[in-house]
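Trainee: Make the full structure from the sequences, and use the hints.
Chains as they are written, first to last, in my numbering: chain A, 2 to 304; chain B, 2 to 304.
You can trust all of the hints, since none of them are fake.
In silico SDA-like pairs for lysine to any residue, Cα to Cα no more than 25 Å straight-line:
(1) A/274 <-> B/299
(2) B/50 <-> A/32
(3) B/50 <-> B/183
(4) B/287 <-> A/275
(5) B/301 <-> A/284
(6) A/274 <-> B/302
(7) B/301 <-> A/279
Keep in mind that the hints were calculated from the coordinates and are not lab data.
2 protein chains.
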Amino acid sequence: MKVVYRPGGMRQALQMELWFTENLEIAADMRLQLRVERTLHSETSEYQKIDVLQTASCGRMLVLDDVIMTTEFDEFAYHEMIAHVPAFAHAGPRTALVIGGGDGGTVRELCKHANLEEIHLCEIDRRVVEVSKEHLPSIAASFDDPRVKCFYEDGAAWAKDHPESYDLILVDSSDPVGPAAVLFGEPFYEDCYASLRDGGILATQAENLFMHREIIERLLQYGEKFFQRRFYYNTRVPTYPGGMIGFTFFAKGQNAPDPFINLEKRYQESELKAQDFRFWNPATHKAAFALPAFASELEKYLA
Amino acid sequence: MKVVYRPGGMRQALQMELWFTENLEIAADMRLQLRVERTLHSETSEYQKIDVLQTASCGRMLVLDDVIMTTEFDEFAYHEMIAHVPAFAHAGPRTALVIGGGDGGTVRELCKHANLEEIHLCEIDRRVVEVSKEHLPSIAASFDDPRVKCFYEDGAAWAKDHPESYDLILVDSSDPVGPAAVLFGEPFYEDCYASLRDGGILATQAENLFMHREIIERLLQYGEKFFQRRFYYNTRVPTYPGGMIGFTFFAKGQNAPDPFINLEKRYQESELKAQDFRFWNPATHKAAFALPAFASELEKYLA
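Mentor: And the structure:
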C-alpha cells in the first residue's frame, strides 16, 4: 500500500498497485508489464508454475513459468490464426492433433470446422487443462465436443507413435525453454512429417520475426529437410513479445496444399460466417504471409 | 547497485540494472520495459521532456514525455510504412509535408523518392530535431538533402496557412495527449484537406486497432466528412504499444488514388530496389490494409 504524505500533514492511502512483469528468456531485455487486480490461481505442477491472474484491461491471463500464454483480451488473434489458416488451406481435413494448447483455445477454433471428425489434444501437463477449464471457460470452451479427446502425454512421443494419422498437426507450444524445448528440435519435425497423412499440414508456433530470426531460420531448415511445401506466416498479439507471433506452415506430399488456392471457395463451403471469427478472414489469412523486406533472406527456405 | 549477501558472508556486487518503464496515458494498464545501459541525453524543452537512452537490445531510443518515439531497432517499420505507402500510391508526388517527425526518419524515407522536389518538415519543437541530429544520426540522416526544409512551427497552423500546396501530408505525431492533441481534432483534418492538391494523400499516425478503436473511429469519421477515398493500414513496431501501429490514408478528389493500383509498376519506375527497404515491399504494402474481423465495423467509413 502506497502512502503519500501531503504538505499539510494529511496522510492519504492510495490503492495498492499490482503489476505482473513478464520474464522472458527469449527476450531478456524487453519486459511487458500488465496491471493486475488479483491472483485467481497459483500452483506449481509437475512440469511448471501455473498462474491465472485477473488483469485490469486484458481480462483473465494464463501464465506458465512467468511467461504470458494467453489473455482473454487477445487470445483469439493467436488461436484463430494457428487453427484456421491450416484448416482452410487443407482440401478437407478429417483428423487433427493439437500438441500443447492446454488452454483449449486452438481446440475451440478447430471445432468450428464441421469436416473434422477427430480432434486430439496432446498436452503434457494435465493441470493446464484443468486450471483452464476452471478459470478460463471462454477459452477452454470446447472440451465437451464429442470429437475432442485429450491425452496427457509427451507430444513428441505421441507424434512418433502415430504415423500417417493426421491431416493437421498444430503445435501450440510455449517457447523453446522448459517443457516445450523438444518441440523445437529436428527429430520432432521428422516425426510430425511421419505422423501426417499425405497432403497434411503442420503449423507450429514459431516466434517473432524481429527478435528470433535464428530460431525461425532453424525451424525453416527442418521444414526444408522434410516437407514439400513451406511457408511462414504471422499474427498480431498485443500481449506477446513485440506484439506479433509467427507460425511455420509445412505441408506434406507433392500435391501438398498451398495456403491461398481455393481459400474463398472453402470458406463458403464451410458455411462459417464472418461473425464466427474475431481475427481470421480471407484478407488477414492472405496478409499473414507477407514477409517484411528484412526477412527476405528466409524466402530461400520457402516453396 | 544491487548487493547480494551470500551465505558464507561473501559480499558480491552485481551489475546495476537499469530499466526504462514506459508511461502511456493511452494504454495505462500495459507498460513496456526496456533494459537500458545509459542515458545519452535528457532535457526539458519548451514543449516536452526529451530523453535519448542507450538500450541493451534496441539501440538508441528517443523518448518524449516518457513515451517511446522511436528506437534504432525497429524505427524502419514505422518510417518506411508512413512514407512509402502514400508515396507509391500517388501517381507522381512532387511536394510533401511532414508534420511532427522531428527525429527525421520519415523525411529520410521520403528522400528516397526522386520525383519529390520539395520536402517540408513542420515540427513544433526544434530541440527534437537538434537532439536527433546529435544522437540519432542514422535516423536524422537526410536533413542535408537540398529538397528538405525545416520549419519549427505549429503543424496545424501551417496546414491552415498553406492551401493547395502538397501532394502528400504525413502526420508523424505522438499520441493525442500533450503537444500533438490538436493533430487529432476535426479542424486539423479539414485544414489538411485544404492544404492538399487534387489527388493528394494525407496519412496520419492512428494508433492501435486492438486498443484504441474509439480514437481510430473518430479519425475515420473526419475522413468521411472531408475526403473522397479512405483507407486504414497498419505496421508492426515491437516497441510500440501492442507491437502495432496504424495510419489513416485519406485521399482528395474524385480521381483520388487508391493504394493498390499500379503499385508494382510505380515501384519499378521509381528505380528503387529491394535493398533500399527493410520493411516495405509490395507484399507488406498490400498486407497492411487487411483489417481483422473484429474491426470490420470500421469498414463503413472506408471507400
